[in-house]
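**Q** Order-wise, the sequence lines are chains A and B. In terms of the numbering used here, the first sequence opens at residue 1 and continues consecutively. In terms of the numbering used here, the second sequence opens at residue 440 and continues consecutively.
Simulated from the structure, these hints should not be mistaken for laboratory data. The C-beta atom is built at its ideal place from N, Cα and C for all residues, glycine as well.
Which bits of chain A does chain B cover? Going by a derived footprint, with three or more residues having C-beta under 8 Å, they are: (1) 159-171; (2) 178-192; (3) 281-294; (4) 301-310.
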Amino acid sequence: MPTATNSSKAFAGRVQIALIGCSHRTAPVELRERIAFTPDQALRAADELRLSGTLEEAVVLSTCNRSELYGVPRDADTDAQAAMESFLTNFHGIPASELDGRLFRQQNSEAVRHLFRVSAGLDSMLLGEAEILGQVRDAYGRALDHGSTGPVLNRLFQGALEVGKRVRTETEVGSRPMSVAWAGVKLAERVFGDLEGHEALILGAGAVAEQVVEHLRNRGIGRLRVVNRSRDRAEDLAQRVGGESIDWSHLEHALKAPDIIVTSVGGTEPVLSRALLDRVHSARGGRALFVVDLGVPRNVEPAAANLYNLYLYNIDDLGEIVEQNRKAREAEVPRAEALITEHIGKFETWCTSVEAISLTQRLRERLIKERGRLLDERAAELANLPTVERDRILRLTDELIERVVQTPHDRLRRTRELRRRLAGIEALRDLFGLDGEDS
Amino acid sequence: MNGTWAYVNLALYVLSFICYARYLYGNNQWVGRLATVFLAAGVLAHYVALLERSRWTHTVPYDDLYGSMSLFAWLLGVTYLGLEVYHRQRSVGAFVTLLLIIWTSLVMAFAPSSAPAASRARGPLFALHVTLTTLAYAAFGLSFVLSVIYLIQNHVLKARRPGLTFWRFPALDVLDGMSRSSVLVGLVALAVGNSFGFVWQHRLNGHYSAADPKIIVTLVIFALYVAYSWLAVKAGWRGARAARICALNFILVLFSYTIVNLYLTSFHRYL
Numbered sequence: 001m002p003t004a005t006n007s008s009k010a011f012a013g014r015v016q017i018a019l020i021g022c023s024h025r026t027a028p029v030e031l032r033e034r035i036a037f038t039p040d041q042a043l044r045a046a047d048e049l050r051l052s053g054t055l056e057e058a059v060v061l062s063t064c065n066r067s068e069l070y071g072v073p074r075d076a077d078t079d080a081q082a083a084m085e086s087f088l089t090n091f092h093g094i095p096a097s098e099l100d101g102r103l104f105r106q107q108n109s110e111a112v113r114h115l116f117r118v119s120a121g122l123d124s125m126l127l128g129e130a131e132i133l134g135q136v137r138d139a140y141g142r143a144l145d146h147g148s149t150g151p152v153l154n155r156l157f158q159g160a161l162e163v164g165k166r167v168r169t170e171t172e173v174g175s176r177p178m179s180v181a182w183a184g185v186k187l188a189e190r191v192f193g194d195l196e197g198h199e200a201l202i203l204g205a206g207a208v209a210e211q212v213v214e215h216l217r218n219r220g221i222g223r224l225r226v227v228n229r230s231r232d233r234a235e236d237l238a239q240r241v242g243g244e245s246i247d248w249s250h251l252e253h254a255l256k257a258p259d260i261i262v263t264s265v266g267g268t269e270p271v272l273s274r275a276l277l278d279r280v281h282s283a284r285g286g287r288a289l290f291v292v293d294l295g296v297p298r299n300v301e302p303a304a305a306n307l308y309n310l311y312l313y314n315i316d317d318l319g320e321i322v323e324q325n326r327k328a329r330e331a332e333v334p335r336a337e338a339l340i341t342e343h344i345g346k347f348e349t350w351c352t353s354v355e356a357i358s359l360t361q362r363l364r365e366r367l368i369k370e371r372g373r374l375l376d377e378r379a380a381e382l383a384n385l386p387t388v389e390r391d392r393i394l395r396l397t398d399e400l401i402e403r404v405v406q407t408p409h410d411r412l413r414r415t416r417e418l419r420r421r422l423a424g425i426e427a428l429r430d431l432f433g434l435d436g437e438d439s
Numbered sequence: 440m441n442g443t444w445a446y447v448n449l450a451l452y453v454l455s456f457i458c459y460a461r462y463l464y465g466n467n468q469w470v471g472r473l474a475t476v477f478l479a480a481g482v483l484a485h486y487v488a489l490l491e492r493s494r495w496t497h498t499v500p501y502d503d504l505y506g507s508m509s510l511f512a513w514l515l516g517v518t519y520l521g522l523e524v525y526h527r528q529r530s531v532g533a534f535v536t537l538l539l540i541i542w543t544s545l546v547m548a549f550a551p552s553s554a555p556a557a558s559r560a561r562g563p564l565f566a567l568h569v570t571l572t573t574l575a576y577a578a579f580g581l582s583f584v585l586s587v588i589y590l591i592q593n594h595v596l597k598a599r600r601p602g603l604t605f606w607r608f609p610a611l612d613v614l615d616g617m618s619r620s621s622v623l624v625g626l627v628a629l630a631v632g633n634s635f636g637f638v639w640q641h642r643l644n645g646h647y648s649a650a651d652p653k654i655i656v657t658l659v660i661f662a663l664y665v666a667y668s669w670l671a672v673k674a675g676w677r678g679a680r681a682a683r684i685c686a687l688n689f690i691l692v693l694f695s696y697t698i699v700n701l702y703l704t705s706f707h708r709y710l
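For reference, chain B alone in the conformation it holds in the complex (with noise of 0.2 Å):
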């Protein structure tokens, strides 16, 4: 069931990337500045859209796939805004605004009609370790369109070849730090919400295991992003081979957000 918020947000997603579409085209300040506010906007529908879900399933908004996808598209807007205020740059906006609207359209699409099972309470512990690590997804989400807008931009730089809108794009270098910016952010939020997942597992059964696919592969990808932020001011790594190992690293962030959590983990696994 989508609530009135859920179309509200979508509604403000989609106004919020028009204005950032024609910003990067036409680079007018104001209307750039009615993208942000677009933005904040839907970010706010959506959490109120969250609540509203919230409080007819009688759960948290993550206990099912939907909710938690819909938990992650309004972490990557939060995350992008915090970006786009640090960096100061908001010519990725369209992209991540785009992302947003496929991903928030998909969730409603697919959205169950009835209400899921509610679950009992597991308290503010486990709450943190599940927000924290989508954001964490979210984070790692945003790198990858960063990535693959450094990607592009570099191809075209090497190839000398500018089209039109390639003026308006931000530089490399600001592309490879908002993105290690998103990474750092990514792994912080994964490394605390981890740290919550195996406290709460620990009071739940009284000794801590990593005997769990979905685990295993958390483990895997925050090593991989490590990996990446090293690398991406190493010689000879950094620019477009660290942005390709960025853009890969998020294919095993999918896997561990669908395939995992569906199929191959047991306590992991959405109701």
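Here chain A stands alone, though its shape is the one from the complex (with noise of 0.2 Å):
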């Protein structure tokens, strides 16, 4: 997780956040893609609305998927989401009328629970995906190196990896396979537990094949070979994926050393007989022997299931799992949901907090304030002071402020139940009026 580095700068003031974006779920794929940022053009795009003075802090969070600006609006009183909507459409060059209902705006404690949820998945196409994680934290790592967060979106990023990360290791929003490659490699490991030091054996060179693969390699397979009756397409795959081609011929020979097989290769007969796979499985010593058939007709024998320690799934058995697994992220919504308003109560005691220690720090500035024009308008009585006496009464009227606001101060600082009492900070502030800076 990326560290705040400035998240010590003193924040003063109301804590506030601003969101406009579109996402899968407001734009279609054609406007998505002229809205998009490349990491670049987001790093710019937050300098512009920093220098242009309507956001304090800016992350600009752009995926395949969405592409959405955060950012603390610098003045509590300009319409910030205006000004950065006009900025999205002047910046890629888009007609505002082509946005008009496209582009959703959230603010405050509903823009906290948007990037929480799509740091935790719940607002991805595919529910509960562990790429969007990744993504969330490239976008915040970006902008806390370039410098163009601060104390609050350092927070809020902080906290929706922390959610993100909760939801996929608490709750089983992430957990299960979500395509028929990954079920089938899933499965895969609860036959062999870790598959580093295992062998796989991929018959064809198809996409789906290559799916497969990317799985295998992703689980950290120990070995991989690759036959398909064009021997150059066996090359091609295996050299992309760093494994080894077999020549077609030596099949029944190359199914020997296995603990995986994929295959994934047209015809109308199966490929791999219920008998050719009981000669090999006996020659490989009735090692556990697990087959992923995803052609379509079936390319193994569907018999084959009946051996001894051979385990056979095929496109079907795995479609099946896919969608019992969807429902069971489905059903999971709730914890994830739950999980998620335990943080955004975390951060909003965080901001109740900065918020009132910037109260005592603003009220201490104006007993300050109000010290200097006493002494200016009763000059004329204290003119006659000798110097020393008149040092005497600032240092007296210094611990006397000292002593008004530390205990506030102090108790703001450590109860937390307090905090929460005073959630409506506002009022305080309206009623000491220390709002503006010229109070």
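Hints in hand, dock the two standalone chains.
**A** Structure below.
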């Protein structure tokens, strides 16, 4: 997780967060691709929003499914979201009318909830997908390194990364395989555990086989071999994934080594008959063999499933598992939402704490200013006092101000419950007239 | 009589089971760690409970069936903790702690209210013989649990109908490895424990003898678990077949532990 180098910077004033953006829920891909940001563009946009005076802090999150601008408005009273929207249209040269109804606007707790849901994968096209958490981490990390974040967005994004991680570890939202390729590999792990040190043989070099290979590589498979009727295609795939290719004529011999076989070749007859698998299974000492048949028509004779220590899954079996997992993921959403609500609470407590501390700081400044005014008004009365006495009055009043301010300052810092009760801290700000710079 | 510590250890086993079950369902690492901590605390409390009862009966905890079964449960907990640390695998904790709870509850429910007559002191060699043999039985008990989970997991995989908790269970290879480790611990403990038993018998009677049903059954158990260890890595037997043998072997262990001890043996009988 990126660390917030400038999070110690004092935050002065109310914590406000503005968000505008569009996602797969609000805009078609034709529009999303036009308002997407490259990493460099994202940083440039954050700079421009800050330099223009619209935002104090800014992070742009742009993936294939969403483009979102998060910011802390510099001036609480102006419509920062309108300025951000206008900036977005200008930056990409898109007429505002085209974005009409396609952009969403959110602020404060709504914006926080949105980012936390995005990070948890609840707003993703594929519920609970893991990639988005990495994308949020990257977008935030780049903005942090670039210096476009501050205490508020640092806290917000660190909270988002934390909640995203918790949702994935404490709920089932992201844990179950959601594609047949992934389901096949996860099932193989149910047999062998860690795939490191195990060998896989891929029959066929098509797109589905490639997906499986990618998952196997990600899970650390020890050795990968590819066999295909067209040796060139086998070599091509093997080269791309760092495996070895084998000539189709050596298929039976090649079947004796692997622990996992994935087949997706064309043809009307099964490529792997029960008899063939029985022979190779005996030759390999009866070690467990996991076979994923992704071919349609099926590449493996169904009766092979009865062989001892052989586990056979075809595309329908895996499809059923994926469907079951989709339902299981959906059932976990309330638990994920509860975690998100918990983290929103934490963030809001932090905001109240920051606001409370800034409030006492403002109170101190206000009292010092009032003392200056009083001394100016009574300048004639104090004119005859020696400098030593005037300094003494200043010291005593300094001490008095500290005593007045210190107690609420300490209590606000230490007592969470008090901060919670003072959630409407705006009222105090208004009561003491601590709003404007000139107060 | 059940002392205070017996209730404390049962409560800790229950807490550990709740955490292990939650870990199995939710995969929260902290809940998993908490389960291990509760189990370790339960095992510690169980040890104190055994000491407490030994003081009350003025004899070793394995002098009667109650004490022996309690010692078995304690050693089962100790062996499982060792395996959990060695294999870094907590998914079977819920099943082991459930067995511990059932076993401990039964032991407590049938605990005699009066202390058994204190037996004469038999020395450390005899104590080691009994403790190591009980450890072997506990390790075999653990391998039984692991083998049953293996068979269920294997059945689910073969039937191609993985359920909701299926994804949380350890892989077949991991279960197989844990089971074999557990049996290995059992075999070593049984071999060393029985050797001590023979030496002690020689000191007592001046000769070695295997003419007791308990010794004969123990040797058969030893041979069966050696056979399992060999078959578990042998072509055509590894996997579910070996797991079935391991599970069936434990029936003989239970027979030896109960029927043989209570009715068939002469000098292995509880007081």
